[in-house]
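Now for the letters of each chain:
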Amino acid sequence: MSEFEQMYREVILDHYKSPRNHGLLEPHDAIAEGENPLCGDEVTVSVRFGEGDVIEDVGFEGRGCAISQAATSMLTDLVKGRTAQEISVLPKEELLDEVGIPLSPVRLKCALLGLGVLKVALHRTKGTPLPEEWSASSGEITLS
Amino acid sequence: MSEFEQMYREVILDHYKSPRNHGLLEPHDAIAEGENPLCGDEVTVSVRFGEGDVIEDVGFEGRGCAISQAATSMLTDLVKGRTAQEISVLPKEELLDEVGIPLSPVRLKCALLGLGVLKVALHRTKGTPLPEEWSASSGEITLS
Amino acid sequence: MDRVSATTSHVLDTHRLRADFPVFEELFDGKPVAYLDSASSSQKPRQVLDRMRAFYEHEYANVHRGVYRLAERATEGFEGARRTTAAFLNAPSEKEVVFTRSATEALNLVAYAWGLDNLGPGDVVVITELEHHASFVPWQYIAHRTGASFRHIPIDDRGELQLDALDGLAREGDVKVVASNLVSNTLGTINPVERLAEWAHGQGAIMVVDAAQAAPHRSVDVQALGADFVAITGHKLCGPTGIGALWGRKEILEAMSPFNLGGEMIRSVGLQKTTFNELPHKFEAGTPAFAEAVGLAAAMDYLGEIGLEAIERHEHALVEQAMGALEEIPWIRVFGPPADRRAGIVSFEVEGIHPHDVAQILDWEGVAVRAGHHCTQPLMTRLGVAATTRASFYLYSVPEDLERLVAGLYKVKASLG
Amino acid sequence: MDRVSATTSHVLDTHRLRADFPVFEELFDGKPVAYLDSASSSQKPRQVLDRMRAFYEHEYANVHRGVYRLAERATEGFEGARRTTAAFLNAPSEKEVVFTRSATEALNLVAYAWGLDNLGPGDVVVITELEHHASFVPWQYIAHRTGASFRHIPIDDRGELQLDALDGLAREGDVKVVASNLVSNTLGTINPVERLAEWAHGQGAIMVVDAAQAAPHRSVDVQALGADFVAITGHKLCGPTGIGALWGRKEILEAMSPFNLGGEMIRSVGLQKTTFNELPHKFEAGTPAFAEAVGLAAAMDYLGEIGLEAIERHEHALVEQAMGALEEIPWIRVFGPPADRRAGIVSFEVEGIHPHDVAQILDWEGVAVRAGHHCTQPLMTRLGVAATTRASFYLYSVPEDLERLVAGLYKVKASLG
Ligand SMILES: Cc1ncc(COP(=O)(O)O)c(C=O)c1O
Ligand SMILES: Cc1ncc(COP(=O)(O)O)c(C=O)c1O
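Residue numbers (the numbering used here), protein chains in the order written: chain A, 18 to 161; chain B, 18 to 161; chain C, 98 to 514; chain D, 98 to 514.
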C-alpha cells in the first residue's frame with residue numbers, strides 16, 4: 018500500500034466517517050452553501066462569531082465524496098478562533114497541508130469546496146473579499 | 018529529366034507558346050468566360066455551330082498558367098466537329114489523356130478550366146447539362 | 098502500415114491485439130492498467146502512431162495549394178483520409194464529409210450554421226433526455242438565441258426512449274430539428290434512430306445523429322440511418338485527438354451558411370463580395386487538422402481489418418459478463434437496459450459510496466473507470482443521482498479486466514461501506 | 098525530451114539543427130528538398146514527434162474528469178501545455194489561453210462570440226489591406242450579419258500600412274474592432290500593431306492581432322503589444338497540425354458569449370438553465386486537441402532552447418541575401434518593404450510567367466515554393482497581380498536553399514521566358 022493510499026485510508030476516511038463539527042449551528046451569524054456540479058458534492062457551512070469577527074464556532078453539513086466531506090471537516094477545526102479577515106485570505110495550501118495527500122486537479126476542486134463556501138459566508142456578513150473563482154460569472158443560458 | 022518533365026516541356030509548352038484556335042470568333046453563336054480564383058487563370062471560349070448542334074469552329078482567349086492555357090488549346094482541337102450534346106458529357110479523362118501528364122489536384126483545376134467554360138457556353142445556347150461544379154452555388158457575402 | 102495482429106475470424110484474439118497498444122506495456126504497481134474507460138477515449142494502436150509519424154516525416158507540407166511534391170503528398174494523404182471516412186460511414190459522396198475537431202464541433206457546426214438561419218419562435222427543437230451535453234447544449238443555446246422551443250423525449254426507467262411522447266411534442270409547434278445519439282455514452286442504450294429519422298422527416302424536420310459513441314463499436318451507415326447529419330469523433334475509435342467528422346446531406350450543406358471563415362472555404366475574396374468554395378471545403382476554414390485526419394484514416398483501416406462486427410460481438414460478450422457479475426452484488430445497482438439492447442457500457446452505483454471514491458480506490462488496484470455525470474446531467478437528474486461509476490469496453494478489453502473490477506469493488510466496499 | 102542540437106550562441110548551427118528534421122533525409126532526385134514554404138507550414142523536429150508519441154504511449158486518457166492515474170497524467174500534460182503557451186506569449190495568466198484548432202479558428206471565435214453580440218449598424222470594423230483571409234473574411238461575414246461597416250487600412254506601394262488613413266475611418270462611425278496581422282504572410286511586412294492598438298483603444302475599439310506569422314519567428318509579448326486578442330497557430334512553429342491558441346483579456350473573455358458548446362465548457366446543465374465554466378474552459382467545447390497541445394508545447398520548448406532571437410537573426414540574414422540576389426535579376430520584381438522592415442518572407446513576380454509554372458519547374462529542381470494568392474486576395478488586387486511566387490525561411494533554411502532557388506529561376510526563365 019502506498020503512503021498516499023495509507024493516508025487516505027486513515028486520515029481522510031476518519032474525517033469522512035466521523036466528521037468534526039457536523040450539523041448546522043442554530044442560531045448562526047453566517048451561512049452559505051455551494052456545490053461542485055462536476056461530481057455533485059454539496060456543502061453548507063454555518064458560522065457563529067465571537068468578539069469582533071472572530072469565528073467562535075462553525076458547523077457544516079453536506080454530501081459527496083470522501084475528500085470533499087473530510088476536507089470540510091478538517092477545515093472547521095482549522096478556522097475556529099481565527100478572524101473572518103484572516104480566513105478570507107487563508108492560502109489554500111494551509112488546508113491542503115492538512116489534507117496531506119497529493120491531489121489531482123479534479124480532486125482539488127472537491128477538497129477546496131468547503132473553504133470556498135466558508136469564504137462566501139464570511140463575505141456575506143463581514144464583507145471580506147471573495148475568492149476569484151467564486152466571484153467570476155461566466156454566463157448562462159436560461160430558457161423561458 | 019523525368020518523362021513528366023519532358024512532356025511538360027515539349028507538349029504543354031508548345032501549346033502554351035503557340036496556342037491553337039487562339040482569338041475569339043466574330044460572329045459567334047455561344048460564348049462564356051470563367052476563372053479559377055485560386056490562381057487567377059482566366060479563359061473565354063467562343064463557339065460557332067454548323068448543322069444542328071455540331072461545333073463547327075471554336076476560339077479562345079485567356080491568361081494564366083501554362084497548363085490552363087495549353088489544355089484549353091488542346092481542347093479546341095478536340096471538340097471541333099462534335100456535337101454540343103456529346104461535349105456536354107465529355108468525360109474529363111478524354112481531355113486529360115490529351116494533356117498527357119499526371120496532375121495534382123491543384124493543377125487539375127487549371128487543366129479543366131477551359132472545358133468547364135465551354136460546357137457553360139453550350140449550356141447557355143443549347144440547354145445541354147451543366148457540370149456539377151459549375152452549377153452548385155455555395156453562397157456568398159455581399160456588403161452594400 | 099503494419100498488418101494488424103488479427104484474423105478476420107469470428108472471435109477476436111484479444112491477447113494478440115493488445116500487443117498493438119503500447120499503453121499496456123506500462124505497469125502500475127507491477128500490473129498493466131485494466132482500462133475500462135474507452136467510452137471517454139480509446140487507447141491508440143502502434144499502427145496509427147506509426148502512420149502519423151511517417152506522414153510527418155515524409156509527406157508533410159500544408160495541404161491543397163502547393164504545387165511541389167511534398168504538398169501533393171500531403172494533400173493526397175488528407176483527401177485520401179476523406180475517402181476512407183466516407184467509406185467508413187457509407188456516405189454517398191466524400192464531398193459530404195467535413196472534418197472537424199471533434200463530434201462536439203460537428204454538432205455545433207449544424208446548430209450554428211443551420212440553426213441560426215432556420216429557427217425562430219414557434220419552432221421546436223427536440224432532443225432526448227439521455228443526450229450528451231455536446232448535442233444538448235448547442236441546441237439549447239441556439240434555441241435560446243432564436244426563440245425556438247427546446248423539448249426532450251423522455252426515457253423510461255430502463256433508459257429507453259419513450260416514443261409515444263412524440264405526438265405530444267409535435268403539438269407544441271413546428272418541429273424543425275430532432276437530435277439524438279445512436280448509443281448513449283452513459284447507459285449504453287442503442288436508440289431507435291431510424292424510427293426517429295422517419296418521424297422527423299414526417300414533421301419536415303432535420304434529423305441530427307450523434308454517433309460519437311456508436312462509430313467505434315458498430316458499423317454506422319448514414320444512408321441506412323436515414324439521417325441528415327451524422328457526427329463522429331476520432332479519439333474514441335483508436336484515432337488521434339483533434340479530429341472528428343460531420344457527414345451531411347449535400348443539398349442541405351449547400352444551402353447552409355458557412356461556419357468559420359477563411360482559408361480553403363473561400364472561392365474568392367473582395368472588399369465588397371466574397372464567395373464560398375464547393376463542398377466539403379466550404380465548411381473547413383483554415384488549415385485543417387490534416388495529419389490527424391491521416392491518423393483517423395489509419396484507425397479506420399485498423400478497425401476495418403479486424404472487423405467491426407467481431408468487435409461488437411466481443412464487447413457484447415463482455416457486457417453480458419459484467420452485468421451478470423454486477424447484478425449479483427446486492428450493494429450495486431446497475432442503470433440502463435438489459436445487455437441485449439446496449440453497447441459495451443455499464444453505469445452503476447455503489448450503495449452509499451460516492452463514485453469519485455469508488456474510482457479513486459479502484460485506481461489503486463490499477464482499474465481505470467470513470468466517475469461523474471459523463472456530460473449527461475439531465476440524465477443524472479432523471480436517474481436521481483449526481484454521478485455514476487462507469488465501466489466501458491473496447492476491442493482490447495479482456496475478461497480479466499472485469500475480474501479486477503469486481504475484486505476492486507469489494508475493496509471499495511471494505512474501505513468505505 | 099532530447100536536447101536540441103543547438104547552443105544558445107548568437108549564430109544558429111543550422112546544419113546541425115537540420116538533423117532534427119527527418120524530412121531532410123528524404124531525397125528528391127537524389128537531393129534533399131530546398132524547403133522554402135515555411136510560411137505555409139513548418140517542418141517538424143524529432144523532439145516534437147517523440148514527445149507526442151510518448152504522450153500517446155504512456156500518458157493517454159481523456160483529460161479533465163478522470164480520477165485514475167492515466168487521466169491525471171493526460172490532464173497534467175494538457176494543462177502544462179497551457180502554462181507553456183502562456184509563458185511563450187507572456188500572458189498574465191494561463192486562464193487567458195484558449196486552445197483552438199488553428200489561428201483561423203481563434204480569429205473566428207472572436208468574430209462570432211464577441212462580434213455577433215457587440216456589433217450593429219453604425220459600427221465600423223477596421224481591417225488592413227494586407228489581412229489574411231482568416232482575419233478578413235470572418236469580420237466581413239460578421240459585419241454582413243450585424244449590419245456594421247467594414248473598412249480597411251490601405252497600404253502604400255511598399256506594402257506598409259498608411260496610418261494617416263485612420264482619422265478618415267474614425268469619421269465613418271463608431272470604430273469597434275481593429276484587426277491586423279503582426280507580420281504579413283505575403284509581403285513579410287512587420288506591422289505597427291502597438292500603434293494600432295493605442296489608436297483602437299482611443300476609439301473604444303478592441304484590438305485583435307493575428308500573430309500566426311509572427312510567433313514562429315520573433316517573440317510575441319501580448320502585454321507589450323497592448324492587444325486585446327492575439328491568435329497563433331501551432332503548425333507554423335514546428336508543432337503539429339490541429340492546434341492553435343487564442344490569448345484574450347480576461348475581462349473581455351468573461352463577459353463574452355461562448356463559442357461552441359458542450360463538454361468542459363459547461364458548469365451545469367438543466368432543461369431550463371445551463372451555466373458555463375470558468376476560463377479558459379468556457380471556450381473549449383468538447384474533447385480538446387490535447388495531444389496536439391502537448392506537441393505544441395514541445396515545439397515551444399524546442400524554439401525556446403534555440404532562442405527566438407537567434408532564429409530571427411538567422412532569417413534576417415537569409416532575407417537580405419535573397420533580396421539582394423533577386424533584385425539583381427532584371428526579369429524579377431520583388432514586392433514589399435526593404436529587408437530591414439520585413440520578416441523572412443519574399444514574394445516576387447517572374448516577368449511574363451505564371452507563378453504556378455514557376456513553382457512547378459522549381460519543384461523539378463527540388464525547390465519548394467508557394468505560388469498563389471496566399472489567402473490575401475485583396476492584397477493581390479492592390480498589387481495588380483492574380484498571384485505571386487513566395488519563398489519563406491525558417492531556422493532550418495540554409496544559404497544553399499537560396500542558391501538553388503536562384504539557379505532554378507534561371508531554368509524557369511529558359512523554359513518559359
Ligand atoms: C497571417 C496569417 N493568418 C492566419 C493564418 C491561418 O492560420 P491557420 O493555418 O492556423 O488556419 C495564416 C496561415 O495560414 C497566416 O499566415
Ligand atoms: C455520445 C457522445 N456525444 C458526443 C461526445 C463528444 O465528442 P468529442 O469527444 O469528440 O467532443 C461524446 C464523447 O465525449 C459522446 O460520448
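Certain hints may be false.
Below 27 Å or equal to it, Euclidean Cα-Cα: the simulated DSSO-like pairs (lysine-lysine) are [to be verified]:
#1 B:K109 / B:K126
#2 C:K347 / B:K126
#3 B:K126 / D:K510
#4 A:K97 / A:K126
#5 D:K370 / A:K126
#6 A:K109 / C:K347
#7 A:K126 / A:K109
#8 A:K34 / C:K347
#9 B:K34 / D:K128
Quick caveat, the hints were computed from the structure, so don't treat them as lab data. Everything numeric in this text was worked out from a predicted model, so none of it was measured.
Here is what the structure says about each hint:
1. At roughly 11 Å between alpha-carbon atoms, K109 of chain B and K126 of chain B fall within 27 Å of each other, so this suggested pair holds.
2. Between K347 of chain C and K126 of chain B the alpha-carbon distance is near 21 Å, which keeps this suggested pair within the 27 Å criterion.
3. Pair hint K126 of chain B plus K510 of chain D holds up; C-alpha atoms about 24 Å apart against a cutoff of 27 Å.
4. Between K97 of chain A and K126 of chain A, the direct Cα distance comes to roughly 23 Å. Compliance with the 27 Å bound is thereby established for this hinted pair.
5. Only pairs whose Cα atoms come within 27 Å are accepted, and K370 of chain D paired with K126 of chain A is accepted, the gap being roughly 23 Å.
6. Simply put, K109 of chain A and K347 of chain C have alpha-carbon atoms about 55 Å apart, too far for the 27 Å limit, and the pair is violated.
7. Between the alpha carbons of K126 of chain A and K109 of chain A the distance comes to roughly 11 Å, so the proposed pair stays at or under 27 Å and holds.
8. Taking the CA atoms of K34 of chain A and K347 of chain C, the gap is near 60 Å; set against the 27 Å cutoff, the hint is violated.
9. Restraint check for K34 of chain B and K128 of chain D: not satisfied, since their Cα atoms lie roughly 31 Å apart, outside the 27 Å limit.
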